[in-house]
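S.K.: Each protein sequence line maps, in turn, to chains A and B.
Counting from 16, one number per residue, gives the positions in the first sequence under this note's numbering.
Counting from 149, one number per residue, gives the positions in the second sequence under this note's numbering.
There's no promise every hint is true.
[Said to hold, decoys possible] Heads up, simulated DSSO-like pairs for lysine-lysine below, C-alpha to C-alpha not over 30 angstroms straight-line: (1) A/K193 to B/K295; (2) B/K272 to B/K350; (3) B/K225 to A/K193; (4) B/K175 to B/K322; (5) B/K350 to B/K293; (6) A/K193 to B/K281; (7) B/K350 to B/K322; (8) B/K247 to A/K111; (9) B/K272 to A/K193; (10) B/K350 to B/K295; (11) B/K298 to A/K193; (12) B/K247 to B/K293; (13) B/K298 to B/K272; (14) A/K174 to B/K393; (15) A/K193 to B/K175; (16) B/K175 to A/K111; (17) B/K349 to B/K225; (18) B/K297 to B/K322; (19) A/K193 to B/K293; (20) B/K247 to B/K175; (21) B/K293 to B/K322; (22) A/K174 to B/K247; (23) B/K349 to B/K322; (24) B/K386 to B/K350; (25) B/K281 to B/K393; (26) A/K174 to B/K297; (27) A/K193 to B/K322; (28) B/K225 to B/K295; (29) B/K225 to B/K281; (30) B/K247 to B/K281; (31) B/K350 to B/K247; (32) B/K293 to B/K281; (33) B/K393 to B/K349; (34) B/K393 to B/K247; (35) A/K193 to B/K297; (36) B/K349 to B/K386.
Hints are computed from structural coordinates only; laboratory data are not their basis.
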Amino acid sequence: MKSNFRKTKDLSLKVLYIMGVLIAIAPLVSVLWTVVREGYGALTPTFFTNTPAPVGEVGGGIAHAIIGSFVVVGLASIVAIPWGIILGIARSEFPKTITDNILGFAIDLFMSIPTLLIGLFAYGLIVMRMRTFSAWSGAFALMLIMVPLITKTTEEMLKQVPLTVREAGLALGLPRWKVILRIILPGSIGAVSSGVLLALARISGETAPLLFTAFGMRTFSQSLSEPIATLPVQIYTYSISPYDEWRSQSWGAALVLVMLALVVNGVTRALIGSRTRGKK
Amino acid sequence: MSAEFTPSPILQVENVNAYFSGFHAVKNISLAVPEHQVTALIGPSGCGKSTFIRSLNRLHEETEGATLTGEVRLAGKNIYTPGVDPVEIRRQIGMVFQKANPFPGMSIYENVAVGLTLQGGFSKVEIENRVEKALRSSALWDEVKDKLKKPGTSLSGGQSQRLCIARALAVEPKVILMDEPTSALDPISTARIEELIFELKKQTTVVIVTHNMQQAARVSDFTAFFLMGELIEMGITKTIFTNPKERQTEHYITGRFG
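Given only the sequences and the hints, what does the whole structure look like? Please build it.
M.R.: Quick look at the structure:
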């Protein structure tokens, strides 16, 4: 009698649990499915190699936007990755100082600002002065979004390294900076890299701050001081256009972006996996 | 202690007081650690023995709010003289911690070699020789010689602790401090490490903090009994355990408190 009740309770909780999981992944599957269904048709070889054709002509592509995204995200990363990691190290290894408090406040603030405002900031600071939209200004906006993300994950990952590991390093007669850079950081490199990759995936999809910084371009940009096309902005422009062909290409571009994000995600998981296996 | 045989001391501690943000953890301690002997520090939890051992290699000061007064002389030279680099001191006074803490992301070999590779100035052959010697001294060589490239974190609890001992030995310190090195280990692993400690005194000097009085009796030549941050008594281990001078020592050893 009693054990029957327990079994029923167990079963009903299992059902609830499975339903919860299904509800959580249903929107994700739906989004993915829609993107694949709508975007698949646009993925022809020329889609990856050509720049847009005039409306009505076939064979236009988004090569310029793919390259543009890599350029802008790459530029942002060159500065944001080292800077974010350095700030993360500073926060985890030298906590409770005045600079750390200010830094912590600034980072939390930056993470809660809508990215649109960060774009506006870059617009005021760079676009207004250069008197042109540019890859520089887009990269600057993305960098500002990326740095706090990387700082936060680096800090969290380094804080997970037990205190006794740091002390063991010091007890070997090694200076603190060597302990941090050669023992603590390499020991959590998998976790830190996954933080970096997640930040990369995140800024690759940012649209709002690029609308009035990188702006967009109908073809390849010749210089970093020119406006430049990016995948998110291309998707945005095409999706609100009145032409069926552009809207279908917008889905295609979205599919490319999702696939890139999935690749980054896969690499991240592999890295985290190898790290946890190391810990057995 | 004066009437007993005392080999020449490698460490001489004089009037050491250690504090944590105002809390007086170690009170005016003076003692001598004899060279090539094992000295055990015993006493109930919170008696200041861990803080004391951490003041011997200047690790105490790495804790926030920690301060210290007094002198610790290593081979005659005060390690707390202003201008003395704690990094230099810690190369001569190694440490093994309560919980085995192999460096994550490093192989077994790298874990032992790291003190030398990061210090710099050693040839590859020299490092290889020292790693093998350290692993042999810590009785781990036979178990790991075929898997030196495996992660250090892949070893069992007892093996990890011996790896940490090897890591400390590779730097060839004059003194090696052990802060309850077996308290997280099973009896068999504990016995292996105790044998190891006994062997180690040929090449270095060991100071060991232990909760376990039988362990102190088994491995040490000298024993110091700490209570409430004070040194109650220090002497030859046999004497301390059979015929202590102080009543508090006798009470602790016979299990009346602690």
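S.K.: Run every hint past the structure and note whether it holds.
M.R.: Evaluation of the provided hints:
Proximity of A/K193 to B/K295 is assessed by CA-CA distance (about 27 angstroms); at most 30 angstroms being required, the pair is judged to hold. Restraint check for B/K272 and B/K350: satisfied, since their Cα atoms lie roughly 26 angstroms apart, inside the 30 angstroms limit. Distance hint between B/K225 and A/K193 is fulfilled; the C-alpha atoms sit about 26 angstroms from each other, no more than 30 angstroms. Taken as a hint, the B/K175 and B/K322 pair is honoured in the structure, with Cα atoms around 26 angstroms apart against an allowance of 30 angstroms.
Our distance criterion of 30 angstroms between C-alpha atoms is met by B/K350 and B/K293, whose separation comes to about 23 angstroms. Between A/K193 and B/K281, the direct Cα distance comes to roughly 25 angstroms. Compliance with the 30 angstroms bound is thereby established for this hinted pair. The hinted pair formed by B/K350 and B/K322 meets the criterion: a straight-line CA distance of about 11 angstroms does not exceed 30 angstroms. Only pairs whose Cα atoms come within 30 angstroms are accepted, and B/K247 paired with A/K111 is accepted, the gap being roughly 26 angstroms.
Between B/K272 and A/K193 the CA atoms are separated by roughly 20 angstroms; this keeps the pair inside 30 angstroms, and the hint holds. For the proposed pair B/K350 and B/K295, the alpha carbon gap of about 28 angstroms is at most 30 angstroms, so the pair holds. Using a Cα cut-off of 30 angstroms, the hinted pair B/K298 and A/K193 holds, with the two alpha carbons roughly 23 angstroms apart. Taking the CA atoms of B/K247 and B/K293, the gap is about 23 angstroms. The hint holds against a cut of 30 angstroms.
Pair hint B/K298 plus B/K272 holds up; C-alpha atoms about 19 angstroms apart against a cutoff of 30 angstroms. In summary, the hint linking A/K174 to B/K393 is not supported, as the alpha carbons are separated by about 47 angstroms, beyond the 30 angstroms threshold. At most 30 angstroms may separate the alpha-carbon atoms for a hinted pair to count; A/K193 and B/K175 exceed this at roughly 34 angstroms. Distance check on the hinted pair: B/K175 and A/K111 sit about 29 angstroms apart at the alpha-carbon level, within 30 angstroms; holds.
For the hint pairing B/K349 with B/K225, the CA-to-CA distance comes to about 22 angstroms; that is within 30 angstroms, so the pair holds. Under the criterion of a C-alpha separation no larger than 30 angstroms, the hint pairing B/K297 with B/K322 is consistent with the structure, at around 29 angstroms. For the proposed pair A/K193 and B/K293, the alpha carbon gap of about 28 angstroms is at most 30 angstroms, so the pair holds. The straight-line distance between the Cα atoms of B/K247 and B/K175 is roughly 26 angstroms, inside the 30 angstroms bound, and the hint therefore holds.
Simply put, B/K293 and B/K322 have alpha-carbon atoms about 26 angstroms apart, close enough for the 30 angstroms limit, and the pair holds. A distance of roughly 18 angstroms separates the Cα atoms of A/K174 and B/K247; the hinted pair therefore holds under the 30 angstroms criterion. Taking the CA atoms of B/K349 and B/K322, the gap is near 10 angstroms; set against the 30 angstroms cutoff, the hint holds. Using a Cα cut-off of 30 angstroms, the hinted pair B/K386 and B/K350 holds, with the two alpha carbons roughly 20 angstroms apart.
Between B/K281 and B/K393 the alpha-carbon distance is near 41 angstroms, which puts this suggested pair outside the 30 angstroms criterion. Using a Cα cut-off of 30 angstroms, the hinted pair A/K174 and B/K297 holds, with the two alpha carbons roughly 27 angstroms apart. At most 30 angstroms may separate the alpha-carbon atoms for a hinted pair to count; A/K193 and B/K322 meet this at roughly 23 angstroms. Between B/K225 and B/K295, the direct Cα distance comes to roughly 41 angstroms. Violation of the 30 angstroms bound is thereby established for this hinted pair.
Proximity of B/K225 to B/K281 is assessed by CA-CA distance (about 29 angstroms); at most 30 angstroms being required, the pair is judged to hold. The suggested pairing of B/K247 with B/K281 holds, with an alpha-carbon distance near 23 angstroms, which does not exceed 30 angstroms. Straight-line distance between C-alpha atoms of B/K350 and B/K247 comes to about 25 angstroms, which keeps the hinted pair within the 30 angstroms bound. A C-alpha spacing of about 12 angstroms is found between B/K293 and B/K281, which places the hinted pair at or below 30 angstroms, so the restraint holds.
A hinted pair counts as satisfied when its Cα atoms are at most 30 angstroms apart, and B/K393 with B/K349 qualifies at roughly 27 angstroms. Taking the CA atoms of B/K393 and B/K247, the gap is about 34 angstroms. The hint is violated against a cut of 30 angstroms. About 22 angstroms separates the Cα atoms of A/K193 and B/K297, which keeps this hinted pair within 30 angstroms; it holds. As the CA atoms of B/K349 and B/K386 are separated by approximately 18 angstroms, the hinted pair is consistent with the 30 angstroms bound.
In terms of the numbered hints stated before, the structure departs from hints 14, 15, 25, 28 and 34, listed from lowest to highest.
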